[in-house]
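Asker: Guided by the hints, dock chain B onto chain A, whose structure is given.
Protein chains: 2
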Amino acid sequence: MKTLSENRAFGGVQGVYSHASTACGCDMTFGLFLPEEAEREPVPVVWYLSGLTCTHENAMVKAGAQKWAATEGVALVFPDTSPRGEGVANDAAYDLGQGAGFYVNATEKPWAPHFRMWDYVTEELPRLLFSAFPVDEARQAITGHSMGGHGALTIAMSFPGRFRSVSAFAPIANPTASDWGRKQFAAYLGKDEAKWAAHDATLLMKKRGFDGPILIDQGASDQFLDLLKPEALAEAMMARRQNGAFRMQKGYDHSYFFVSTFMEDHIGFHASALYA
Amino acid sequence: MKTLSENRAFGGVQGVYSHASTACGCDMTFGLFLPEEAEREPVPVVWYLSGLTCTHENAMVKAGAQKWAATEGVALVFPDTSPRGEGVANDAAYDLGQGAGFYVNATEKPWAPHFRMWDYVTEELPRLLFSAFPVDEARQAITGHSMGGHGALTIAMSFPGRFRSVSAFAPIANPTASDWGRKQFAAYLGKDEAKWAAHDATLLMKKRGFDGPILIDQGASDQFLDLLKPEALAEAMMARRQNGAFRMQKGYDHSYFFVSTFMEDHIGFHASALYA
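Those sequence lines, one after another, are chains A and B.
The numbering of the first sequence is our numbering, which starts it at 1 and goes up by one.
The numbering of the second sequence is our numbering, which starts it at 1001 and goes up by one.
Bound conformation, chain A alone (with noise of 0.2 Å):
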């Protein structure tokens, strides 16, 4: 692991370490924002996954977070979004290749041999996290937003008892019923729509839900909302009598002047699980 930048940042850590990963075939880094804590501690962690076209950094610099998970004494890790590289398979859209991994593990050509961020971030980079850093395993909480929303709460479902809570920022929340979602799942899955629903927020929560709260925040005036479908998982959510809240916020758009404004309470949400 090589250590890429640290600064100093409300009293902690900001750092960024990259790292050759076996899950992606490729170096990987990663952002870690440790609290004044973690000096004397193991520290409980929040992960934050990105949306498309995003690395480690979007989320590091634009989001607020270090302020909130510094008042709180939470660490932040914040993966990149797909492999990368000369050698990595592509595409000349935004939203397929690298910058657009969907938090899966690709079966099928090209993709196949570096796209597996679901590995990665599920296995590969957790069992460095918790071995190279003052990181409590058994305190983690779980976010993202927009395709990194829909990573958040398809691995928070997927791994019971792993995360205390889950929240999201306007998550693609119904993937399967979508154009972000459908033509991803078919380049990097096959056509195999059963192969799909592991990876759907909404048929998870139909299927078995999430043994903790969740919070979503949705932006009223998101230019992408017949993308991301919130009232898929919203009816999903309140049919399974899922703890946890949904709010559609007047105004707000897609972007990080939203995830931000929200930011506070998501940190705080996650903070009063993790130090319940």
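In short, the hints are calculated from the structure, not lab data.
Among the clues, some could well be false.
Partial list, computed: chain B residues near chain A (C-beta under 8 Å) [what the hints assert, rightly or not]:
#1 M1238
#2 A1245
#3 K1250
Only pairs whose alpha carbons sit at most 20 Å apart, straight line, appear in this in silico SDA-like list of lysine to any residue [stated by the list, open to error]:
#4 B:K1109 <-> B:A1132
#5 B:K1207 <-> A:K183
#6 A:K250 <-> B:S1221
#7 A:K183 <-> A:L227
#8 B:K1250 <-> A:K183
#9 A:K206 <-> B:S1221
In this text, a Cβ means the ideal position worked out from N, Cα and C, and glycines have one as well.
Answerer: Only chain B this time, still in chain A's reference frame:
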């Protein structure tokens, strides 16, 4: 109008008043809490509509709302849930007749002569309230519990511009699809289901929504969830991109213990709109 009682409470006055109602053709009783500020100037008002079997008194003594209304400087009005008295039709069931007005104007026998709770709550009682008490007609909000949540939501959406905010505790959210609704609408409004639609919060949300914020709390352990149908309203709210939040509260049931737990949030929510 007769003053039945007035008690000092949280620096203000909790009163109970009765008057001869033209809409209902009988005497009607209501509770009104005025905060201390009302001694000096008209204050905003939050309407609280109660649920099945309740009189004006239940929420007044069990919801714990006066404390927060005093803190925020808002009045609370607690109407009864139906006409009452020996000359008023009734039914042996708890969910029809006296204590179960459902906030509609009955057109069918034997209910039509007295069961006009829609007119009572939206016309007659407001006229009395705004002429007799220091309450500001330009700043109204509305909430309610169960059948009263149904009333609050349907009334708020039916009078655009009248209420700045609406909230509900465990509302009957889709009565045209529930035994809490179909039975009563058939009795009060007749068999023509087209006439029921104006009294269904989910259908009104699909049709027109609400021009302000909405807050809904629902207990996940509510014993009446199958009758309340929160998932239908949550889906309709998010499909419409309605400004608002739908919260599923783990472990809470249908009682006033649930209502009183979240009353602070609701009064604070309304005060934000009323003092904006």
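Asker: State for each hint whether it applies.
Answerer: For each hint, the structure was consulted:
1. M1238: With a closest approach of 4 Å, the M1238 (chain B) hint holds.
2. A1245: Constraint on A1245 (chain B) satisfied, holds at 4 Å.
3. K1250: holds (4 Å)
4. B:K1109 <-> B:A1132: violated (34 Å)
5. B:K1207 <-> A:K183: Given pair K1207 (chain B), K183 (chain A) is violated - Cα atoms ~32 Å apart, limit 20 Å.
6. A:K250 <-> B:S1221: violated (29 Å)
7. A:K183 <-> A:L227: Within the cut-off at roughly 12 Å; holds.
8. B:K1250 <-> A:K183: violated (36 Å)
9. A:K206 <-> B:S1221: holds (18 Å)
Of the hints listed earlier, those the structure fails to meet are numbers 4, 5, 6 and 8, in rising order.
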